[in-house]
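Top line first, the protein sequences correspond to chains A and B.
Start counting the first sequence at 126; every next residue gets the next number (this note's numbering).
Start counting the second sequence at 163; every next residue gets the next number (this note's numbering).
Just so you know, these hints were derived from the structure itself, not from any lab.
Mixed in with the good hints there might be a few duds.
[As the list claims (entries may be wrong)] Derived EDC-like pairs (lysine to aspartate or glutamate); straight-line CA-CA distance at most 16 angstroms:
id, chain 1, residue 1, chain 2, residue 2
1, A, 446, B, 457
2, A, 196, B, 606
3, A, 455, B, 368
Note that the coordinates shown come from a computational prediction; the quantities given were computed from them, not determined experimentally.
The primary structure of each chain is shown beneath.
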Amino acid sequence: MNNISLNVLNGNGAATEPLNVNDCLLQLYEEHYELEDYQKGVPRWCTGCGDNAILTAVQRLCRDEALPPEKTVFVSGIGCSSRLPHYMNTYGFHSLHGRALPVAEGIRLARPDLKVFVNMGDGDCCSIGAAHWIHAIRYNMNMTAMLHDNNIYGLTKKQASPTSPIGLKTNTTPRGSYLDALNPLTVTLGVSNVSFVAQVVDWIPKLLYQTIQAAYHHKGFAFIRVIQRCPEWLPTHMEAYMQDPTRVLLLHHENGLHVDDELAKRYTKMQEHDPSDINRAREIASGSDPIPVGILYRNDEVPCYEDVRFDSRLRTTSLVKNGLEAEFDKFTIWPDGHAHVSRN
Amino acid sequence: MMEVEELTKVKKEKTNGHGVPATGMGPSAYMGKVTRLNEHLVEIISDSGEGAQKCGQSFGSIVAQMGLGVWTTEIIPAEIRPPARSVAGASGNRIRFGSKRVTNGGNETDLVIAFNEQVLLGRVRSKELKPGCTILLESMWRDDKRVAKSYTDAVEQLISAGYKVYEIPMDKECRKIVSDPRKGKNMFALGVLCGLYSLDLQSARDQVVLTFGKKAAKVIESNIALLDAGYAWADANLDFKYEIPAEKSTEPQIVVNGNTALALGVLASGMEICAMYPITPATSASHYLSDAFEEVGGIVHQAEDEIAACCFAIGASYAGKCTVTITSGPGYSLKQEAIGLAVMGEIPLVVVNVMRGGPSTGQPTKTEQGDLMTTIFGSHGDAPKVVIAPATIEDCFYSMITARKIAETFNMVVVILTDANLASSQQPFKRPVFDEGWLAPPIDQSAIPPGAKPYDWDPKTGLARRFIPGQPGGMHTLTGLAHDENSHVAYDPEINQRSMRARSLKLATLQKTLNPPPIFGDPTGDMLVIGWGSTKGAIEEAVELLRQEGKKVSSLHLTFIQPLPPGIKEILAGFKKCITIENNWSDSPNDEMIDGSNRRYSALAILLRSRYLVDIDCWSECRGTPLKPNTVRRVIEEAMA
Ligand SMILES: Cc1ncc(C[n+]2csc(CCOP(=O)(O)OP(=O)(O)O)c2C)c(N)n1
Ligand code: SF4
Ligand SMILES: [Mg+2]
Numbered sequence: 126m127n128n129i130s131l132n133v134l135n136g137n138g139a140a141t142e143p144l145n146v147n148d149c150l151l152q153l154y155e156e157h158y159e160l161e162d163y164q165k166g167v168p169r170w171c172t173g174c175g176d177n178a179i180l181t182a183v184q185r186l187c188r189d190e191a192l193p194p195e196k197t198v199f200v201s202g203i204g205c206s207s208r209l210p211h212y213m214n215t216y217g218f219h220s221l222h223g224r225a226l227p228v229a230e231g232i233r234l235a236r237p238d239l240k241v242f243v244n245m246g247d248g249d250c251c252s253i254g255a256a257h258w259i260h261a262i263r264y265n266m267n268m269t270a271m272l273h274d275n276n277i278y279g280l281t282k283k284q285a286s287p288t289s290p291i292g293l294k295t296n297t298t299p300r301g302s303y304l305d306a307l308n309p310l311t312v313t314l315g316v317s318n319v320s321f322v323a324q325v326v327d328w329i330p331k332l333l334y335q336t337i338q339a340a341y342h343h344k345g346f347a348f349i350r351v352i353q354r355c356p357e358w359l360p361t362h363m364e365a366y367m368q369d370p371t372r373v374l375l376l377h378h379e380n381g382l383h384v385d386d387e388l389a390k391r392y393t394k395m396q397e398h399d400p401s402d403i404n405r406a407r408e409i410a411s412g413s414d415p416i417p418v419g420i421l422y423r424n425d426e427v428p429c430y431e432d433v434r435f436d437s438r439l440r441t442t443s444l445v446k447n448g449l450e451a452e453f454d455k456f457t458i459w460p461d462g463h464a465h466v467s468r469n
Numbered sequence: 163m164m165e166v167e168e169l170t171k172v173k174k175e176k177t178n179g180h181g182v183p184a185t186g187m188g189p190s191a192y193m194g195k196v197t198r199l200n201e202h203l204v205e206i207i208s209d210s211g212e213g214a215q216k217c218g219q220s221f222g223s224i225v226a227q228m229g230l231g232v233w234t235t236e237i238i239p240a241e242i243r244p245p246a247r248s249v250a251g252a253s254g255n256r257i258r259f260g261s262k263r264v265t266n267g268g269n270e271t272d273l274v275i276a277f278n279e280q281v282l283l284g285r286v287r288s289k290e291l292k293p294g295c296t297i298l299l300e301s302m303w304r305d306d307k308r309v310a311k312s313y314t315d316a317v318e319q320l321i322s323a324g325y326k327v328y329e330i331p332m333d334k335e336c337r338k339i340v341s342d343p344r345k346g347k348n349m350f351a352l353g354v355l356c357g358l359y360s361l362d363l364q365s366a367r368d369q370v371v372l373t374f375g376k377k378a379a380k381v382i383e384s385n386i387a388l389l390d391a392g393y394a395w396a397d398a399n400l401d402f403k404y405e406i407p408a409e410k411s412t413e414p415q416i417v418v419n420g421n422t423a424l425a426l427g428v429l430a431s432g433m434e435i436c437a438m439y440p441i442t443p444a445t446s447a448s449h450y451l452s453d454a455f456e457e458v459g460g461i462v463h464q465a466e467d468e469i470a471a472c473c474f475a476i477g478a479s480y481a482g483k484c485t486v487t488i489t490s491g492p493g494y495s496l497k498q499e500a501i502g503l504a505v506m507g508e509i510p511l512v513v514v515n516v517m518r519g520g521p522s523t524g525q526p527t528k529t530e531q532g533d534l535m536t537t538i539f540g541s542h543g544d545a546p547k548v549v550i551a552p553a554t555i556e557d558c559f560y561s562m563i564t565a566r567k568i569a570e571t572f573n574m575v576v577v578i579l580t581d582a583n584l585a586s587s588q589q590p591f592k593r594p595v596f597d598e599g600w601l602a603p604p605i606d607q608s609a610i611p612p613g614a615k616p617y618d619w620d621p622k623t624g625l626a627r628r629f630i631p632g633q634p635g636g637m638h639t640l641t642g643l644a645h646d647e648n649s650h651v652a653y654d655p656e657i658n659q660r661s662m663r664a665r666s667l668k669l670a671t672l673q674k675t676l677n678p679p680p681i682f683g684d685p686t687g688d689m690l691v692i693g694w695g696s697t698k699g700a701i702e703e704a705v706e707l708l709r710q711e712g713k714k715v716s717s718l719h720l721t722f723i724q725p726l727p728p729g730i731k732e733i734l735a736g737f738k739k740c741i742t743i744e745n746n747w748s749d750s751p752n753d754e755m756i757d758g759s760n761r762r763y764s765a766l767a768i769l770l771r772s773r774y775l776v777d778i779d780c781w782s783e784c785r786g787t788p789l790k791p792n793t794v795r796r797v798i799e800e801a802m803a
């Protein structure tokens, strides 16, 4: 690792007034990172688990975008997929089942200088954390959120998830699951302030990478549903889709994914889709066979909650002191017996 | 406490004071007769939306300006708009004021001003009024065919029950000034009260200007006219007048309720983010903060629920900005899992629980101290956290500064336990003098030295350093799973034992920095009364009275409940008997089914009994109202008998 950064805020009282976090780092050298700079430990996922592909893609992204590891945070919930931050040599926050999004939002609001990624399972995001998911779309905070959708509860050993297709035999639905699956794409596209929705499958690494990269560059809440294989519990679940390339529908557009010749040769089912068209996006989203892959919707104009809320004023001691004294004034009784009335 | 000194003895005027409209008596009906009091408890009640609360708050501020001690308590109906003229719909304020410092809401009401007889009957039924007290009652209902009978019946009943009822044609008088007396009656009533208690009219006018400061000049003028009219009306028509000698404070004081004090404390502590979800009786703190942050810089984030609010706060704290999340019982229950995460990850976090009646939705607007156990032991597993219970409005302010400091020094969760009583009561306290040391230090973004570990638990104190995102070289993944010094997931028995020990030791380390709590009264005696939180004023007032009568009783009030400060065992040893008095549930030993083997003690008693192995008795009640000094006094007398 060749990056050296010098800090002007050294905790030894060098700065008397709190500095804006954005001003803290003075980069001395052009940064250059290797893949190893983002790798940590040996992933403990099952062989063939789609989470491995997602991990590789985000590590590549970090390297290619030269994200300073100390300025990057991967936040997750609980589940197999939520182990991902442990394998990243960045900051990470492996939080609670279903609660990755509010944790990530708190980080973003406090520290707009940090790059935030979120990794969630389908139980995590679409069941226990569903309220947060809906509201995260509405807050539209700048982060890249990946739904590792294996249609099953992996970590707790094969229970039905909201995205399990009807009829799927699991440990809680031994005769097949009873309800129609929830469609994360149509749900997301139905929430106000939605600004980026994509879908991709773990077995086409090139598109997985491209999609995550596009999401990373989107300003706002970028939601990617990654259809992820769980060979441990559903070994043949995605087999048919993988064998037959025509069961994948590639969405391409100059503002969406670019399909190179090699991909175009294999995945012949393609459709040009303008990601600014939300109605068409909703139509595409409601289809599940072939699996639409690509950027369904993207709108860079939606305001981000942190931009609306962030206070750019330097919170200096004197700002706080003056503000506090002014507040005290509102409630003060002075020894001369009168409230000091100011009318403004 | 209530010595009444008649300055001039004058026999009763006409039939006033006996239910006859007190009109047309000419100027100075009280004929120069002013009764001097040490203190009084006044309440003003109306349907909600008629402004009795504003009237009460203003009255409280005016008496405070005059240099009187004061404690105001809100009377809040459970519904936003209960039906008009309903017994359960009383909305308003109780103002206890006197020559000396007032530390609590006091006993029963001495004088009440009511906008209709139904809300008044509600107060009589809940036994909040002193038998035979003075009632000033809006008389307009006499002329309203639909309700005249219920009105006159009530007045007759009250008179025959011994109350002194004065009827006031408020509506009629207000109509001389405004077209809609419903919007203005409260200022007329304020004028009546100011006249009645010989308060300085100019101070009252200043207060009205303050209250309506943001409104148009016309609004302010008409409210001042109403105030003046009420003042003059009282002088001209009421055959009594009071005076309470004041001693002016030499220092500036601020008058706020506990929730505003908490919010001011948030500003003063340097915290910049508050994540919350609305819940009574906590919300007003966030309302105030939302506004104040506009000036000072900061954000109130209204999350989608309390779980999100707590997780949001944890995320922001983890990222370097210690954050507060403010809630009440039901919301606190929802936060429990996330609080455990902050404990496990050693993320500084300040949580405020403004307690209300529980369990479940319970009594949202009523006060209770029912959450102590769930706060200390809540969140599954061993989740040591600091618990502080402010006892006064002033404590609410300073406890936030202390909480942020402890949270960041020890990387711990600090829970502030207040209650509906503190939340909505006002009491003046010395205006704080700003201290730079209150504020949070800048976010540490210095590079982490090679080899340093995110949890380098000190074997003696349990303290560890903390890496904040942005610190080069500090990359690690914080996890709620069991972990080792490097924050690597670890199920190793030794590591788990070690990390549990470290998190627990931090409480002991903090405890070593605390002073023994002060004793109110002598250090030895027959009886020690122990309390915590908002009951301090009532307990000490009762103890003081009993001590004046020669009883050997003292009291101890605990602010730090986890960890408990040192020296308590020694204090307990100085007394023959000890009893906790609390505003929560405990079984009465007098109940048929209750005996020593099944009695459920109140929360603090359980804690103290288990820690100090002393047979501490307890008494508590769950009436939803603040403890009254008279009740506490009776309980102590019975316990000492
Ligand atoms: C509050 C809570 N409830 C339940 C669990 C147990 N739990 C852990 S992971 C999980 C579901 C995992 O499924 P998913 O979110 O789809 O993630 P995957 O393992 O498939 O990646 C459950 C129910 C928990 N940790 N916390
Ligand atoms: S159980 Fe499934 S999701 Fe979990 S690691 Fe194994 S393959 Fe992956
Ligand atoms: Mg899953």
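Hint check results:
Distance hint between residue 446 (chain A) and residue 457 (chain B) is fulfilled; the C-alpha atoms sit about 11 angstroms from each other, no more than 16 angstroms. For the hint linking residue 196 (chain A) to residue 606 (chain B), the alpha-carbon distance of about 13 angstroms falls within 16 angstroms, and the restraint holds. Proximity of residue 455 (chain A) to residue 368 (chain B) is assessed by CA-CA distance (about 13 angstroms); at most 16 angstroms being required, the pair is judged to hold.
When each numbered hint is compared with the structure, no violation occurs for any of them.
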